[in-house]
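Chain A is already provided as a structure; the job is to place chains B, C and D on it using the hints.
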Amino acid sequence: MSAGNILVWIVWFAAAAGCIGSALAVVALRNALFSALALIGNLVSLAVFYLLLSAEFVAAAQVLIYAGAVMVMFLFVIAYVGWNLDIAWTGGPNWQTLGGVVAAAALLAELVVVIVLGAANDLKHSNKIAVNFGDPASIGRVFLSNHLLAFEVISIVLLVAAIGGVILGAQRRRERTGGIR
Amino acid sequence: MLGPAIAWYLVVGSAIFAIGAAGVMLRRNPLIMLLSLELMLNGANLVLIAFARRHGSLDGQVFALAVMAVAAAEVVVGLGLVVAMARRKIEIDVDLLSRLRK
Amino acid sequence: MIRTPAIDWLTLAPSLALLAATIASLMSAVLVPERRRKNVSWFFCLAGYAGAFAAAAILFDRSPHSRGVIANALFRDRYGALAAMIVAGVGLLTTLVYYGERSTVDRVGERFALLASAGGGMILFAQSANLLTLFLGLEWLSISLYVLCALERERPEAIEAGFKYLIVGGFSSAILVFGAAFVYGATGTLNLAQIAGKAPSGDLFLVTGLAMILVGFAFKASAAPFHTWTPDVYQGAATPVSGFMAGATKAVALLVALRVLSLSFSAQEHLWTSAAAVLAVASLVVGNLAALVQRDLKRMLAYSSISHAGFLLFAIAAASSLGTRALLYYLIPYGAASVGVFALAALHERELGEPATLDNLAGFGWRRPLSGIALWIFMLSFAGFPLTGGFVGKVYLFAAAYRSGWTWLLIVGAVATLVSLGYYLAVVRAIYMRPVPDEEAAAKEEPPLLDRMLSTAVFAAVVVTVGSFFAVQPLIDLAKHAASQLPL
Amino acid sequence: MLTTALICLPLLGALSVFLLPAPRMWVGSLALFFSLAELALWISGLTRFDFGSPKIQFEQQHSWISDLGISYHVGLFGFSLWLVGLTVVVMTAAIAYGLWSGRERANAYYALMLFLLAAIVGVFTAQDLILFYVAYEAMMIPLYVLIGVWGGAGRLRATFKFVAYTMAGSLLMFATIVVYGLSHGFDLATAQQSGSVWLFLGFAAAFAVKAPLFPLHGWLADAYRESPPEVAALLSGVISKVAVFGFLRIALTQFPGPTHDLRSLMLALSAVGLVYGSLLAFRAPDIRGVVAYSSLAQMSLIGLGVFAQNELSLSGSVLQMVNHGLVSAALFLLAGVIELRSSSGALSRLGGMARGRPILASLIISIGVISLAVPGSNAFAGEFLILAGVFQQGWGWAIPGLVAMVLAAMYMLRLVSALLHREVGEAVSKKAPDVLLPELCVIGALLGCMLALSVWPAAISKHSFACLEQAPLTSAGISSQSKAQVGLACVPGTGSTTATTTGTAK
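Protein chains in written order, with the numbering used here: chain A, 1 to 181; chain B, 1 to 102; chain C, 1 to 488; chain D, 1 to 506.
Isolated chain A, as found in the complex (with noise of 0.2 Å):
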């Protein structure tokens, strides 16, 4: 095993170990603020997985977009709401609570067994790779040919989005108007 090799097991680990760890501090921590937080974490340490799996890209807008803007507003968002924000939630009984984490624990399970069995046939081998695999241009090229619908519908989507989050997160035009009771 080469001292290179070595390396990125040693930062495979930490990265593992980084996102496990703040993903289940997402779903564990009490404070929303906390949470948002440990997913920024885990934002972060999945990018290291990227650049392993050579997607520099990915990794990129991982970091700038996601980590850096999306997890903003939400920060902006709890800053506003306040991190104890509970709603009128009809159900939620005890024996959901109880199903839910069984239901995930053999989802997991599931997956797991089904990817070490797979990995006994041949996911050892990876295919070889071109150098340029995963940088922006060659990104930018698939989506511009093979996914150029992809591409346009991601800017529908997102469109529609906005105009959900302007309507929604927008006052009312009434209390504008007539101002808070």
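A hint or two may mislead.
[As the list claims (entries may be wrong)] Computed Cβ-Cβ distance ranges for the label pairs, DEER-style:
#1 A60/A x F459/C: 38 to 46 Å
#2 L437/D x Q473/C: 47 to 55 Å
#3 R67/C x D261/D: 50 to 58 Å
#4 W9/C x G56/B: 29 to 37 Å
#5 L292/C x L36/D: 22 to 30 Å
#6 P5/C x A14/A: 36 to 44 Å
#7 V463/C x G152/D: 33 to 41 Å
#8 L292/C x R48/D: 29 to 37 Å
#9 G394/D x E269/C: 49 to 57 Å
#10 L36/D x V463/C: 27 to 35 Å
[Unchecked claim] Selected chain C positions facing chain D (in silico; Cβ < 8 Å):
#11 V281
#12 V285
#13 R325
#14 R403
#15 A414
#16 R429
#17 V472
It is worth saying that the hints were derived from the structure and are not from the lab. Idealized CB from N, CA, C, for every residue including glycine.
Relative to the frame of chain A, chains B, C and D by itself:
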């Protein structure tokens, strides 16, 4: 390919997905539910990118980018709803206060 | 030099028409003076759906052979075109009903924009030929619907309903993406037509992916046990929007599910047909039993739509050309009746100013004879009674299930239909047989509200519901042409 | 064309009656006009009908759901003509009675009645299984509302029971039809026979509920008591015949094997129902109860005749179907007439109505006498034929029939005496008038039909199974069993070749 084989990435991705799923099912704080939803999508993204590496095709990475965009879109709408809910709650509290004062 | 793929504009035309309508309505929210805003944006939405319908009809006519277009992102075929026609038809009626909704004074441009946009997403979803477009189409329609549900400010639970829909919808699409990732892992392709045959039929990744994709679709089609969001969302959303979701969202979810399963997972047919049968039975049991105890009309209809998902899953369990035809046929009267019945619920709500329940429907049939008969017809169609399209649909579904060897599903279906009469006839009983509190006085006080748009929509829905019983052949021909393009 | 006209004319009538913005009397008169027009149409069909031909007449066929081989196929043959006639006559009487008693919400009421007429005619004329089922279910749509809206105090409970029982049966039949049709063909004229006991039971359950036969009669009393009198008349007079028609047309002709295997069971159920119904009728505390349970007994008797399955019993059953249809319709209308004149239908509070009301007394007595099958009456002819046929099947089966005839005399005479004789009941107002002219016209017309059939019962019994006349069965060498097969072979769709082959196979 340096480092662990694809299977290791898949295990981590699945773990993140499962943790996120548990979060959505267990937590009742809307903000944390949204965050858990993000976790699920990120788990899926890791799997996609790992498979993209394995097959040496960019389709998986493109899919992952699309998922990121969609995740952002869902967050926008979700946060809009959270704000609206919070505002309604404040309204109700204000209502309650003014009624109590009378 | 990047070689961009050739664009087949006709395939895109139905969703583009609705996208244009979205943008036009959105613009009118800014550019048109407030008093005319509603009419203008409503008109754009209506025109969008009409245009989409016409475009889909032309597309149907001109696509005798299925083929992938725009770098295999979409199918140009009759199956997708017929799905688009169903969506556009339901959307057209919904737009008519939505016009008179009381809450549409506020943010009216955005409302109609979102209504049009949801239809556009559905059509793209129905035409999608790879997993990426499929996912994006699904999100396009879902995000539009999340917002549309939450917009109903007069209903206190609307925002919560919208949020719940978002969480459950996001959850299901995350599962779908995860499943898609595994399918991609097993086969190395996102293209629906190429997935089959790329991996051995027992490949664990492929089967896992299949299971998760199936779960994702089951959420969207509100099949039990993935139905828990449905009652709250239908109750919380604006009533016409609930009708739209019941009629159109379920339709495209099931149609696309059938396409994906038959096209990409033909080697795993024994797995997904059994799964569909199990889901069908679960939906029939849950939907029917829960609907029996509901007093709120919309909630009852939500459970009824769950039980209809169960019936429609017969077609998927059948996995045959006859099953596909049955599914396509059934969705036509079902969609019409869904819009119609929610329109009447909306009418009653607008008059009363409170949600329609079985109790306050007393005397509805006598106060408004024609609306009463329409409601009666829709209920009979849901219950699969003769003289309505629901009956022929049920004959078809049962025949398809029997031909594919699911004889015991027929028994389950017959028992479920019997139970369903309990709540469908409860509506008929409510509108005709309950004692009316001082009917004479109520009749004199105020003449019933007349909403011409809504009446037109209800009339059209009645025509489709009843007409599809008599004129079966033309619809069968449409369904036959469409079904022949699936590899079943 | 005539058959389609018979179905469409009432539908057209229903539509125009519903939309006519006029006072109650006008609306009812229009409805009566339509039913009379239907009657005229039927009579014109009767005159043109060729009783010698075993073929389906006035036939019409159009493709409907070509994908599954389902077509709009209607026509008349042998006994279905008589049942259509019965339907039209009873419906005309019912509408006339409704017109006279002045129903509320007249537009809806008469539209539903005419719609019901179309549905029943549709059942009797349908030659395709799905079309049959369509008409069979379509009957439920108006019936549910007719009982539920215009019924008595316990109407909601009655409709619930009625729907629960009948729909349980007919949805089972629906699944059965799909299975049967896909494997044997939907068109009754060309469908192949089946040997499956399960499919037979699927059909039999639906018809047994509707008739009703013995263990499935739970809905009967409530529905007959709570309906408006004219609807009760239709229920017991016509709609119960739909079930027997179903047995004859589908269950027996398409399933010769299972019918043969289960014959003893069905005969036993009928026999139990016959005695049980008669006993219940004897103990029933009110007029409608007596008529309702006597109806159960009579339907069981007809069932006995149907399942005995030979030429005598089958002809007798058809004759008795028409007889009982007229009798029970008349009795229910009379019950309505009496209820109008008293505050209650309970026999203990009625009595002495004969005093000063000669027409009422003579109507009750004459219809009662016919219903207990006095020799010379049409009912006697029917019951005699049935019992003679049943005797051929095995003399033991005829015993319950004879017992029931005695019981019938007892409960009818009890009813007549409780109504007409004894002290004047507390529920009977002294001022209550005799039968009025409109009532007399309605019930008298029904009575007239009965008397006509008393004079010439062979009109029906000889003209129901066309091929019976061509091939006299009394000739030696034909066992009673193959006689039965030949009897059913006269129903279109069961070719005589099929019948003989199955006969020899047994």
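Hints, one by one, checked against the model:
The hinted window of 38 to 46 Å between A60/A and F459/C is violated, with their beta carbons roughly 57 Å apart. Between L437/D and Q473/C the C-beta distance comes to about 52 Å, which sits within the given range of 47 to 55 Å. For the hinted restraint 50 to 58 Å between R67/C and D261/D, the CB-CB distance of approximately 57 Å keeps it satisfied. Distance hint check for W9/C and G56/B: the Cβ-Cβ separation is about 34 Å, which falls inside the suggested range of 29 to 37 Å.
Judged by the Cβ atoms, the range 22 to 30 Å given for L292/C and L36/D is violated: they are separated by roughly 44 Å. Taking 36 to 44 Å as the suggested C-beta distance range, the pair P5/C and A14/A conforms, at roughly 42 Å. About 37 Å separates the C-beta atoms of V463/C and G152/D, a value consistent with the hinted range of 33 to 41 Å. The hinted range of 29 to 37 Å is not satisfied by L292/C and R48/D, whose Cβ atoms lie roughly 51 Å apart.
In this structure the supplied range 49 to 57 Å holds for G394/D paired with E269/C, their Cβ-Cβ distance being about 54 Å. For L36/D paired with V463/C, a C-beta distance near 32 Å keeps the hint of 27 to 35 Å intact. The closest approach between the C-beta of V281/C and any C-beta of chain D is roughly 15 Å, which is over the 8 Å cut-off, so the hint fails. Using the Cβ-Cβ criterion of 8 Å, the hint placing V285/C at the interface with chain D is not satisfied: the shortest such distance is roughly 16 Å.
Hint status for R325/C relative to chain D: holds, with the closest Cβ pair at about 7 Å, below 8 Å. The beta carbon of R403/C is positioned within 8 Å of a beta carbon in chain D (closest approach about 6 Å), and the interface hint is therefore held. Taking 8 Å as the C-beta cut-off, the interface hint given for A414/C holds, the closest approach to chain D being about 4 Å. Here the hint on R429/C is kept, as its CB sits about 6 Å from the closest CB of chain D, short of 8 Å.
Annotation: V472/C was flagged as interfacial toward chain D, and the flag holds, the nearest CB pair being 5 Å apart, inside 8 Å.
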